[in-house]
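Asks: 618 is the number of the first residue of the sequence shown in the working numbering; add one for each residue after it.
Please keep in mind that the hints were generated in silico from the structure rather than gathered at the bench. Keep in mind that the hints are not guaranteed to be accurate.
[Claimed, not checked] No farther apart than 30 Å at their CA atoms in a straight line, the calculated lysine-lysine pairs in the DSS-like style are these: (1) 691 to 709; (2) 686 to 709; (3) 709 to 719.
[Stated by the list, open to error] Cβ pair distances, simulated, as ranges: (4) 646 to 677: 14 to 22 Å; (5) 688 to 618: 21 to 29 Å; (6) 630 to 682: 18 to 26 Å.
Model, not experiment: these values are computed from the prediction. By construction, the Cβ of each residue, glycine as well, lies at the ideal position given by its N, Cα and C atoms.
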Amino acid sequence: MAKKNTAEVLINGKIYMISGYESTSYLHSVASYLNEMEEEISRTEGYRRLAVEEKQLLKNMNLADAYFKEREAKEQLEQEAEHKDKEIYSLKHDLIDARMEKDRLLSRIQELETQLLEEQKRQNRLSQSASHRKIPRPEQKL
Numbered sequence: 618m619a620k621k622n623t624a625e626v627l628i629n630g631k632i633y634m635i636s637g638y639e640s641t642s643y644l645h646s647v648a649s650y651l652n653e654m655e656e657e658i659s660r661t662e663g664y665r666r667l668a669v670e671e672k673q674l675l676k677n678m679n680l681a682d683a684y685f686k687e688r689e690a691k692e693q694l695e696q697e698a699e700h701k702d703k704e705i706y707s708l709k710h711d712l713i714d715a716r717m718e719k720d721r722l723l724s725r726i727q728e729l730e731t732q733l734l735e736e737q738k739r740q741n742r743l744s745q746s747a748s749h750r751k752i753p754r755p756e757q758k759l
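Sequences are here, hints too, so could you generate the full structure?
Replies: Printed below as a string of structure tokens:
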């Protein structure tokens, strides 16, 4: 089981001891985020005139808003990753098909080269046979 960590943090000018299973640097980051959020919200017009409950509601709304935006961004990234995975799978399949086609074509080229060589040998034999028989060749007329 993970070790529980405790950190002394400053939130809105007050020192708190917070603990959790995350690292102390993470706990400090959370406190820093809360301080930044408080500072940002306190700059909005009319914030100082709000009742404590309304201020807390505004903070909660901002936290919930940030959470939902991050969750939506995460879901979007997961969908993009899934799409990329499918695209990679398809490209790998296409690559395998292309390699198989290349192998088939190389084999066909080898067959045709063998046939060409055999045909050249056959024609050489015929040519040699014809020259030994001294068959007169027809003259060409211009």
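Asks: For a C-alpha distance cap of 30 Å, please report whether residue 686 and residue 709 respect it.
Replies: Distance ~34 Å between residue 686 and residue 709 Cα, so the pair is violated.
Asks: Between the alpha carbons of residue 709 and residue 719, is the straight-line distance 30 Å or under?
Replies: holds, 15 Å
Asks: Please verify whether residue 691 and residue 709 have alpha carbons no more than 30 Å apart.
Replies: holds, 27 Å
Asks: A range of 18 to 26 Å was offered for this pair. Does it hold for the Cβ distance of residue 630 and residue 682?
Replies: holds, 24 Å
Asks: Check the following: the C-beta atoms of residue 646 and residue 677 are separated by a distance inside 14 to 22 Å.
Replies: holds, 20 Å
Asks: Can you tell me whether the CB distance of residue 688 to residue 618 sits inside 21 to 29 Å?
Replies: Since the Cβ atoms of residue 688 and residue 618 sit about 28 Å apart, the hinted range of 21 to 29 Å holds.
Checked against the numbered hints given earlier, the structure breaks only hint 2 and satisfies all the rest.
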